[in-house]
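Asker: Given next are the chains, with one letter for each unit.
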Amino acid sequence: MLLSLCIAFPALTAILVLLLPRAQETLVRWVALTGSLVTFVATLAVLALFRTGEAGFQLVENVPWIPSLGVQWHLGVDGISLFLVLLTSLLTVLCIVGSWSSIRERIKEYHFFFLILETGLIGVFLALDLFVFYVMWEVVLVPMFFLIGVWGGPRRVYATVKFFLFTMAGSVLMLIGILYVYFHTTDPATGRYTFDLIVATQQSQFPMAIQTWLFLAFALAFAIKVPLFPFHTWLPDAHTEAPTAGSVILAGVLLKMGTYGFLRFCLPMFPDATMAFVPLISVLAIIGILYGALMAMVQKDVKRLVAYSSVAHLGFVMLGTFALNLEGLSGSLLQQINHGISTGALFFLVGVIYDRRHTRLTSDYGGIAKVMPVYATLFMIVALSSVGLPGLNGFVGEFLILLGTFAANASYAVFGTAGIILAAVYLLWMYQRVFFGEITHEENRKLKDVTLREGLTIGVLVALAIWIGVYPDPFLARMQPSLDLVLSRFHETGLSQVVIP
Amino acid sequence: MTEPALYILLAPLAAFAVMIFFGKKLPRGGDWVSLFAIWSGLAVSLYLLAQVLFAYDPDFCETRSIEWLVWGDFRLAAGMLIDNMTVVMLVVVTLVSAVVHLYSVGYMRGDPRYTLFFAYLSFFSFSMLGLVLAENLILIYAFWELVGLSSYLLIGFWYEKDSAANAGKKAFITNRVGDAGMLIGILLVLSSLGTVSLHGIADGVAAGKLGGGLLTAVGICLFMGAVGKSAQFPLHVWLPDAMEGPTPVSALIHAATMVAAGVYLVARLFVILSFDASVVIAYVGGFTALFAATIAVAQNDIKRVLAYSTLSQLGYMVMALGAGAYTAGFFHLVTHAMFKACLFLGSGSVIHAMHHALQHTGSHADAQDLRNMGGLRRKMPLTFWTFLISTLALCGVPLMSGFLSKDSILAGTLAFASEHPAHWLLPVFGFAAAALTAFYMFRLVYLAFSGTFRMGADAERHLHESPSVMIVPLVILSTLCFFGFYTLPAFNPTTPEGGWFAHLLPTPARAYGVAHYAADLSHETVVPGEAFEQVAPHAEHSAHGSHAIHTIAMMISIFVAGLGILIASMGYYWNRISPALWQRRLGFVYRGMYRKWWIDEIYDVTVVWGTLGFTRVLTWFDLRVIDGLVDGSAWLTRQWSRLSGWFDLRGVDGFVNFTAWFVGIWGRFVRLFQGGQLQRYILYTLAGVGLVLILSVLQ
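Taken in sequence, the protein lines are chains A and B.
Residues in the first sequence are numbered consecutively from 1, following our numbering.
Residues in the second sequence are numbered consecutively from 1001, following our numbering.
If we strip away everything but chain A, and leave its shape as in the complex, we get (with noise of 0.2 Å):
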């Protein structure tokens, strides 16, 4: 029950704020936060029963939804999805006070949206059943097209359709995949096809040939959510466009739908095809993480730079779980967790300077440390945690992926390195052109530092990135067992067929 409250809830709220009166804005918001908060109340119940050092899913829920076509109402979690559904919540509920004086147009809508992307993100997350997921995948799709369609920036028009078209465009050809894959696995119970993902993962036995297309298929739908390079340049136009709390809950959640799929698809389904596309994929993710910082080096524009840094981050990402290790595995999820952390914050930081000057050209700024030190002072911890500072948490993940793919391949663990001396290159230099030197712009002079709102919002994350840095092992010891599964898999399957260059 408690896995599908979490779904519903935020559906439920999103309903009730539609039926509440247009006029009411500042009840909408409070309705819309409430809503969130139970919703992550719930997630942190969820993570208060999980019980640590179990590998399969928990509080699983099972309930027949189409007999006829095999489709059941299949929940659980696991340690892969669990820090993944904690993060949503939480970035909802921030995002909601984040837009609560930036967004002044349509409010009705735009909490009716978030909450159903809310229910969609939860839903792809804690799907255990192919067609669930598929709904969830799209559902995800529509509320985001009206957020960057509506309250974004001036080309949101051209950036949501773009948005929209790459990710219709993976996800149909995950459709075929999926059907395939239904069309051969059997409910032991009752003998139909079913769309049950643990049966499936179970019977998937598919010869090589067949395991290629499967994989590509799925991998190309998860590649565009990534985004792997070169599929990212629906996300730098997305990003910027986005309004601030869309950015945050594309980076912080959206993207990892992708990185997600390929953990509980991909791998344990096609462990041969993953280990034959090992060095493709980490060829690419390598490529992504260099191109993603020589491009966020030379932006103009804050926000794309942040969104140029995340295809960076997420290059890494694909990199850990490509090791095939329990470094590389843990390493990469964990940085998930972390890009959601410290790229929700940075777009959360660059949102407060939008509001006040409405402008995101580091050419405006300059010298603004002196007029705004609270914000200057978290702005650079957070550029700190993404980074990979120790003692903030992207250290821990890369450091971790770097490790796993430095036992699988060591040439990619030193380009990987490099990654990480132009991710300081960047930032730095961001840093210094927005907040050093002498105020250039009179207007800046008279910029207000971070409200009590603002400061809490991006506070929570400053914290979350300081204890994972100090102190990760509570995290990763829930996601371990899980990981090890996924790959417990791929000795059984994987190394006795493929053989290793």
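Please keep in mind that the hints were generated in silico from the structure rather than gathered at the bench.
Every residue, glycine too, gets a C-beta built ideally from N, C-alpha and C.
Honestly, I wouldn't trust all of these hints.
[Unchecked claim] Here are a few chain A residues that face chain B, going by a calculated C-beta distance under 7 Å: (1) L27; (2) V298; (3) L403; (4) F406; (5) I421; (6) A424.
[Stated by the list, open to error] Mimicking BS3-like on lysine-lysine, the simulated pairs with C-alpha atoms at most 30 Å apart in a straight line are: (7) A:K446 x B:K1025; (8) A:K448 x B:K1024; (9) A:K448 x B:K1161; (10) A:K300 x A:K370; (11) B:K1161 x B:K1024; (12) A:K300 x B:K1025.
[Claimed, not checked] Not everything, but these chain A residues come out facing chain B in the computed CB check (under 8 Å): (13) T233; (14) Y291; (15) L294; (16) E327; (17) G367; (18) L384; (19) L402; (20) A407; (21) T417; (22) V425; (23) L428; (24) W429.
Got chain A; can you put chain B on it based on the hints?
Answerer: Just chain B now, kept in the frame of chain A:
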């Protein structure tokens, strides 16, 4: 001993937290919080030192750790390691830091971010102490980066100045380059030995789990971190720029402690360095020592001279460790920390006074330029005397601390060269750098303190000695430049015969060498713990030879130092030699020294422009090629839909419309016959009947 050490570590962290959140509300900006934390830490460190000295045990070692990260079979502990080296480092760090804290009370008075400055100092002290106490490489790396961060924050403390902000960024990024190498080294160690703890690594190497070319690679990769942090060639470029930071910071971080972290790391890794790696390290250090000294000769900014001198001295330490003079290299770290911190604080005192004087006369001249000084000895006697004492120590004049340490480094390299004659260049680097050191330091002293003041009598009236809060630190540090504090029971503490430093920090055996040695002799597995004890015969064997070499090295080093001082005196005191003339005569060489051998420019043209140019290509690629493909396929789709739209309109709809038109025409025609008027119908009927009749008649 771990509890006191924990106190030393955590007190500055607590002070940092207090200062950040409440500092501004506290009286005096809360400076006393930071001061208390570090001075009490110093007291505890001295207590630990006393214990170590009384125990007088070379093998003293205590560890304490908690599990930090567990994944799979790996268990990564966060722990501290306290041995003799740690305790010595603790004393050095807390002592210099405490003195600098005190000095900053005077130097930073009136700064708008006074509280923040002390908070950063506390944070730095915490990170540096953590680095010293860390028991494994990953923890060392973590604190390594944190000291880098505090360095970044403190260099850019006056961030309104673009030069300061740039320097901070440059320091951070240059260090990151070295750190990336270090990280790869750590990954190599971890993946081949399964441990990163310092003892575990030594044991693993001693057991032969890591050797050959891979061990050399590990050594060089880890050394890259030291190259960055200790500013060795070619990653030295950040340190001179780092002088943009407040002078107390230069003294603490960029002279005495943080930049010595690289040396400390090399000393810690000494046991696992393969011969090849050691040689590389020795050459990098030796070259840096000479290279930086040549630049220091031609600089006019008082802090830059000292910065290049720091580079050069760090090179000495690194060279010593590479050449196997372990005790000497580490001892130089200690003595250098005292006299170089004193020199920087002295220069701060000078700049403080100059700044004050120039401001009063409304002059915009550079307060740090040696050419604007002169004759400061009369106005600032205490600064002068402390500065002179530490200069003598730096030059290695007998009876000063620097004499003891520098001398044994030079002896060490000479011994190394006599053992491996192919490496004769190393002692040449050493002695040449020693001569240049004596020259540029005395040039600095003469230009600043002797002769007459060069900015006019008006400004001179406003020159005065710094407040006692700044002078006391100078006196403390300069006192520690005398040999007496280090010397007993033997004259030189680094000699194996009775020197306490050599006794407490004996040169450890090379772990890999032990593995070979034992394997050759008995074909038995080596018990890791015993690895260290097997060096003794080798060390004793070379003891007699080293005594003679020591004497020779001492003679040469006194001679070259004297020569350097003599030439400086002739050029800048007695005016027997014209510096301007020699600058012209040296031509290209002088310009090279003055322009720092164009290293910054070379990096600009290659690395910086190369990267930026490449990003331009990538931007084009992103916009034109990838987005071009995306937008192109969108355009194609649109064209296709336009085509099908045309076909829809003209083809499909055309046919449909044609059909409709055709039917319509016919309908219209047929309608003519169906007007609804009976008369017409009758008419048509009659006409039809008539037509039938006519046809039948005709047939």
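Asker: Hint by hint, say whether it matches the structure.
Answerer: Hints versus structure:
{"no.": "1", "hint": "L27", "in the structure": "violated (36 Å)"}
{"no.": "2", "hint": "V298", "in the structure": "holds (5 Å)"}
{"no.": "3", "hint": "L403", "in the structure": "holds (6 Å)"}
{"no.": "4", "hint": "F406", "in the structure": "holds (4 Å)"}
{"no.": "5", "hint": "I421", "in the structure": "holds (5 Å)"}
{"no.": "6", "hint": "A424", "in the structure": "holds (5 Å)"}
{"no.": "7", "hint": "A:K446 x B:K1025", "in the structure": "holds (24 Å)"}
{"no.": "8", "hint": "A:K448 x B:K1024", "in the structure": "holds (19 Å)"}
{"no.": "9", "hint": "A:K448 x B:K1161", "in the structure": "holds (23 Å)"}
{"no.": "10", "hint": "A:K300 x A:K370", "in the structure": "holds (22 Å)"}
{"no.": "11", "hint": "B:K1161 x B:K1024", "in the structure": "holds (24 Å)"}
{"no.": "12", "hint": "A:K300 x B:K1025", "in the structure": "violated (39 Å)"}
{"no.": "13", "hint": "T233", "in the structure": "holds (5 Å)"}
{"no.": "14", "hint": "Y291", "in the structure": "holds (6 Å)"}
{"no.": "15", "hint": "L294", "in the structure": "holds (5 Å)"}
{"no.": "16", "hint": "E327", "in the structure": "holds (6 Å)"}
{"no.": "17", "hint": "G367", "in the structure": "holds (7 Å)"}
{"no.": "18", "hint": "L384", "in the structure": "holds (7 Å)"}
{"no.": "19", "hint": "L402", "in the structure": "holds (6 Å)"}
{"no.": "20", "hint": "A407", "in the structure": "holds (5 Å)"}
{"no.": "21", "hint": "T417", "in the structure": "holds (4 Å)"}
{"no.": "22", "hint": "V425", "in the structure": "holds (6 Å)"}
{"no.": "23", "hint": "L428", "in the structure": "holds (5 Å)"}
{"no.": "24", "hint": "W429", "in the structure": "holds (7 Å)"}
In this structure, the hints that do not hold are numbers 1, 12, in rising order.
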